[in-house]
Amino acid sequence: MGKDIWVVAEHFQGHLNDITLELVAKGRELAQAAEAKLAVVLLGSKVKGLASELAADVVYLVDRPEFREFTPEAYCAALEAALKDAQPRAVLMGSTSVGLDLLSMLSARIACPCLDNCTRLEVRDGRLFATSQIYGGKLFVEVAVPEATTLIAVIPGSFPRPEASAAGRPEVQDIPLPATLPELRIKFRKLIEPPPGDVDITQVPVLVAVGRGIQNPDNLPMAEKLAEVLGGAVCASRPVIDQGWLPLTRQVGKSGMTVKPKLYLAFGISGAPEHWEGMKNSELIVAVNTDPKAPIFGGAHYGAVTDALELIPLLTEEARKASMKKAS
Amino acid sequence: MNIAVLTKQVPDLVEGVEIDSTGKAVDPDSIRYILSESDDHALEEAVLLKERTPARVEMFSLDTGEVRDTLCMALAKGADRVVLIRTGLETLPSNHTVAKIFASVLQGLSFDLILTGVRAIDDLDGSLGGLLAGYLNLPYVGLVRKVEMADGTSMAIVQKEYPGGYAAELEVKLPAVLGIQAAEQPPRYVPVSRLRQVMKTAKVEEKETTAPEPETVAVERMFKPEEGMGATMFSGTPEEIASQIVGLFSERRLVR
Ligand SMILES: Cc1cc2nc3c(=O)[nH]c(=O)nc-3n(C[C@H](O)[C@H](O)[C@H](O)COP(=O)(O)OP(=O)(O)OC[C@H]3O[C@@H](n4cnc5c(N)ncnc54)[C@H](O)[C@@H]3O)c2cc1C
Ligand SMILES: Nc1ncnc2c1ncn2[C@@H]1O[C@H](COP(=O)(O)O)[C@@H](O)[C@H]1O
Chain L
1 MGKDIWVVAE
11 HFQGHLNDIT
21 LELVAKGREL
31 AQAAEAKLAV
41 VLLGSKVKGL
51 ASELAADVVY
61 LVDRPEFREF
71 TPEAYCAALE
81 AALKDAQPRA
91 VLMGSTSVGL
101 DLLSMLSARI
111 ACPCLDNCTR
121 LEVRDGRLFA
131 TSQIYGGKLF
141 VEVAVPEATT
151 LIAVIPGSFP
161 RPEASAAGRP
171 EVQDIPLPAT
181 LPELRIKFRK
191 LIEPPPGDVD
201 ITQVPVLVAV
211 GRGIQNPDNL
221 PMAEKLAEVL
231 GGAVCASRPV
241 IDQGWLPLTR
251 QVGKSGMTVK
261 PKLYLAFGIS
271 GAPEHWEGMK
281 NSELIVAVNT
291 DPKAPIFGGA
301 HYGAVTDALE
311 LIPLLTEEAR
321 KASMKKAS
Chain V
1 MNIAVLTKQV
11 PDLVEGVEID
21 STGKAVDPDS
31 IRYILSESDD
41 HALEEAVLLK
51 ERTPARVEMF
61 SLDTGEVRDT
71 LCMALAKGAD
81 RVVLIRTGLE
91 TLPSNHTVAK
101 IFASVLQGLS
111 FDLILTGVRA
121 IDDLDGSLGG
131 LLAGYLNLPY
141 VGLVRKVEMA
151 DGTSMAIVQK
161 EYPGGYAAEL
171 EVKLPAVLGI
181 QAAEQPPRYV
191 PVSRLRQVMK
201 TAKVEEKETT
211 APEPETVAVE
221 RMFKPEEGMG
231 ATMFSGTPEE
241 IASQIVGLFS
251 ERRLVR
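Protein chains in written order, with our numbering: chain L, 1 to 328; chain V, 1 to 256.
Treat the hints as calculated values from the structure; they're not laboratory data.
Nothing here was measured: the structure is a model prediction, and the numbers come from that model.
The C-beta atom is built at its ideal place from N, Cα and C for all residues, glycine as well.
Treat the hints with caution; some may be incorrect.
Unchecked claim - In silico PhoX-like pairs for lysine-lysine, Cα to Cα no more than 20 Å straight-line:
id, chain 1, residue 1, chain 2, residue 2
1, L, K225, L, K293
2, L, K321, L, K225
3, L, K280, L, K293
4, L, K46, L, K190
5, L, K190, V, K146
6, L, K280, L, K260
7, V, K146, V, K173
8, L, K262, L, K280
9, L, K187, V, K224
10, V, K146, L, K280
11, L, K262, L, K46
12, V, K50, V, K173
13, L, K293, V, K50
14, L, K3, L, K84
15, V, K24, L, K190
16, V, K24, V, K224
17, L, K187, V, K50
18, L, K3, L, K37
As the list claims (entries may be wrong) - Just a few of them, taken from the derived set where beta-carbon distance is under 8 Å, the chain L residues facing chain V:
id, residue
19, P72
20, C112
21, P113
22, C114
23, V123
24, D125
25, I134
26, G136
27, E193
28, G197
29, L246
30, M257
31, L263
32, G303
33, S323
As the list claims (entries may be wrong) - A few chain L positions that, by computed beta-carbon distances, are all more than 12 Å from chain V:
id, residue
34, A81
35, A179
36, D218
Using the sequences plus the hints, can you model the full thing?
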């Protein structure tokens, strides 16, 4: 078994995604500990230039028009080809829209183990351990990474992103693609932009976030009133958006926005990893939940176990009084 | 058109979960099972497709948990056939094993679309849809939020979610496996009276399988987020909590 660490790069509109830089930094650390190489797989069209932004020893490259946009099938075929004779210790990818598709398909195609939802990777006594979150963040599972090449999908934001990229001069090698590539069954048609014209929640200093605990859309005006008093906006977790109670532009998390407000006030949000990922870097997180065991209390700075529906109007009133006092 | 919906039951988080005495597994007695949320969306998307294009919807579920009610609910929502897959396994196996079981069940059957939830809360070793597509050598797209048929039933046009409100529109040749993130509308509500009525005549078919050699994940230990490591908690009456929280805002200069 090889000791090399591989990273699958992700890029969007000509730029490397943060997750890739996070994984490259972590990958370097793991590769160094094992005195092995760090390789990055870079797939796309006109992406060769991105190779120099990667602090890797080797970049395995596909730079072809068919790879201009991600399709799970083409990417999987290229990775299969790249992995054919190589046996790296681990292949790291993001637990993202791209990585999630690849992880499972590739695992079945090349019969190697895989792990999802990883938030920690460490070497202890020469062995590699991965910790994943399951049950919406209620349980952590530590796994001894199997000896065989293992595919690992990491939740974005789990590892620090290096400051100014310590890019290297990686050796670039082309991946020999399989001859069956023209028969691809999935084709990219177009990119759909987010709906325009709503508040940009990534730019607002205070976010009043509501989750399934808000219970029904009639309770939203209450949250909006509080947001208004605090000079902020209302955002939400996925179930609230899926119900159509707020537009997609207000969603925070893996499929939504990543926000870093001065204050993130979470009402009736459990703190599932897919939500946490989008708001964990807020300067101050205050969570209100009726369940004392809600995972969000594990990471929030302040919390209260109480009914959000009862608390929101009281908070609004208190905040209004405080701001009047400040004005006078 | 034939649509298969593959589902599994997962622990209900509202009930909480406990770790067993080995410290490496969940205590099965602490669990109440419910249908995995994104599988429910997969079923909804299948029924929506059936309302737009003539289609037959068949739902398959493994036998972990209280599956009968879920299957009857699927009939009430519009599924044409529901099948309970007998595995003889006491607890839900890893997704690699689940995918192999479903692959053997689907072998020889003809489906244009195979829908499943993109992810379940207990997924540790990848997602079912991608694994299954890998084993069956079918195309797979995950994080799908919309499916439309094109070119008769030979192609689907799907929307795949990206962060920040973006999505990609993809053409997928059928047969294919899709991992549904969210149906185009929230899963429909079935009144209890309707469910009861369906249950009287519901036919839940059963299919025996021999579970493959289970592929397990080598769990070192399971643990809960450490208590007391997290938030500083406010307590008291709601009024007292409100005033403490606003006190914090004032201190941090967050009051306008
Ligand atoms: C691929 C993928 C992408 C995803 N992307 C996102 C994403 O971008 N954003 C996102 O948010 N989720 C995302 N999810 C979903 C995520 O896994 C969770 O399902 C979701 O975050 C849960 O939302 P919630 O906390 O509002 O609901 P729940 O988990 O149901 O939590 C509701 C909480 O409200 C509490 N509560 C109930 N009543 C009250 C009350 N009266 N007062 C106070 N508290 C109350 C409950 O105790 C509970 O903790 C994604 C999932 C997948 C698989
Ligand atoms: N999904 C989650 N919800 C709430 N807190 C979390 C979650 N994941 C991690 N944490 C906690 O948040 C803190 C910071 O974690 P992180 O920055 O995500 O590595 C730690 O105390 C974690 O236990």
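Against the structure, the hints come out as follows:
Taking the CA atoms of K225 of chain L and K293 of chain L, the gap is near 28 Å; set against the 20 Å cutoff, the hint is violated. Annotation: proposed proximity of K321 of chain L to K225 of chain L holds, straight-line Cα distance about 14 Å (limit 20 Å). With a C-alpha separation of about 18 Å, the suggested pairing of K280 of chain L with K293 of chain L holds against the 20 Å cut-off. At roughly 18 Å between alpha-carbon atoms, K46 of chain L and K190 of chain L fall within 20 Å of each other, so this suggested pair holds.
Among the hinted pairs, K190 of chain L with K146 of chain V is consistent with the structure: their alpha-carbon atoms are about 14 Å apart, no more than 20 Å. Of the supplied pair hints, the one linking K280 of chain L and K260 of chain L holds, its CA atoms being roughly 8 Å apart against a limit of 20 Å. At roughly 15 Å between alpha-carbon atoms, K146 of chain V and K173 of chain V fall within 20 Å of each other, so this suggested pair holds. Straight-line distance between C-alpha atoms of K262 of chain L and K280 of chain L comes to about 12 Å, which keeps the hinted pair within the 20 Å bound.
Of the supplied pair hints, the one linking K187 of chain L and K224 of chain V is violated, its CA atoms being roughly 42 Å apart against a limit of 20 Å. Straight-line distance between C-alpha atoms of K146 of chain V and K280 of chain L comes to about 29 Å, which puts the hinted pair past the 20 Å bound. Taken as a hint, the K262 of chain L and K46 of chain L pair is broken in the structure, with Cα atoms around 38 Å apart against an allowance of 20 Å. Distance restraint check for K50 of chain V and K173 of chain V: the Cα-Cα separation of roughly 18 Å lies within the 20 Å cut-off, and the hinted pair is therefore satisfied.
About 41 Å separates the Cα atoms of K293 of chain L and K50 of chain V, which puts this hinted pair outside 20 Å; it is violated. For the hint linking K3 of chain L to K84 of chain L, the alpha-carbon distance of about 16 Å falls within 20 Å, and the restraint holds. Between the alpha carbons of K24 of chain V and K190 of chain L the distance comes to roughly 45 Å, so the proposed pair goes past 20 Å and is violated. For the suggested pair K24 of chain V and K224 of chain V, the alpha carbons sit about 12 Å apart, so the restraint of at most 20 Å is met.
Among the hinted pairs, K187 of chain L with K50 of chain V is inconsistent with the structure: their alpha-carbon atoms are about 24 Å apart, more than 20 Å. Of the pairs offered as hints, the one joining K3 of chain L and K37 of chain L holds, with about 8 Å between alpha carbons and a cut-off of 20 Å not exceeded. The interface hint given for P72 of chain L is met, as the beta carbon of that residue sits about 6 Å from the closest beta carbon of chain V, less than 8 Å. Interface hint status for C112 of chain L: violated, as the beta-carbon distance to the closest one in chain V is roughly 11 Å, over 8 Å.
Contact between P113 of chain L and chain V, as hinted, is supported at the beta carbon level, the nearest pair being about 7 Å apart and thus within 8 Å. Nearest Cβ of chain V to the Cβ of C114 of chain L: about 5 Å, under the 8 Å cut. The hint holds. With its C-beta approaching chain V no nearer than about 14 Å, V123 of chain L sits outside the 8 Å limit, and its interface hint is violated. Evaluation of the D125 of chain L hint against chain V yields a violated restraint, the C-beta minimum of about 12 Å exceeding 8 Å.
For I134 of chain L, the interface hint holds, since its Cβ comes within 8 Å of a Cβ in chain V; the closest pair sits about 6 Å apart. Hint status for G136 of chain L: holds, given a least beta-carbon distance of 5 Å to chain V, under 8 Å. Proximity of E193 of chain L to chain V holds as hinted, the smallest CB-CB distance being about 7 Å (cut-off 8 Å). Here the hint on G197 of chain L is broken, as its CB sits about 12 Å from the closest CB of chain V, past 8 Å.
For L246 of chain L, the interface hint is violated, since its Cβ never comes within 8 Å of a Cβ in chain V; the closest pair sits about 12 Å apart. The beta carbon of M257 of chain L comes within 6 Å of a beta carbon in chain V, closer than 8 Å, and the hint placing it at the interface holds. Residue-level restraint check for L263 of chain L holds (minimum Cβ-Cβ distance to chain V is 5 Å; threshold 8 Å). For G303 of chain L, the shortest C-beta to C-beta distance to chain V is roughly 4 Å, which falls under 8 Å, so the interface hint holds.
For the restraint placing S323 of chain L at the interface with chain V, the shortest Cβ-Cβ distance is roughly 5 Å, inside the 8 Å limit, so the hint holds. With 12 Å as the threshold on Cβ separation, the claim that A81 of chain L sits away from chain V holds: the shortest Cβ distance comes to roughly 15 Å. A179 of chain L, annotated as away from the interface, keeps every beta carbon of chain V farther than 12 Å; the closest lies near 16 Å. With a least CB separation of 16 Å from chain V, D218 of chain L remains clear of the 12 Å interface cut-off, as annotated.
This entry does not satisfy hints 1, 9, 10, 11, 13, 15, 17, 20, 23, 24, 28 and 29, going by the numbered hints stated previously.
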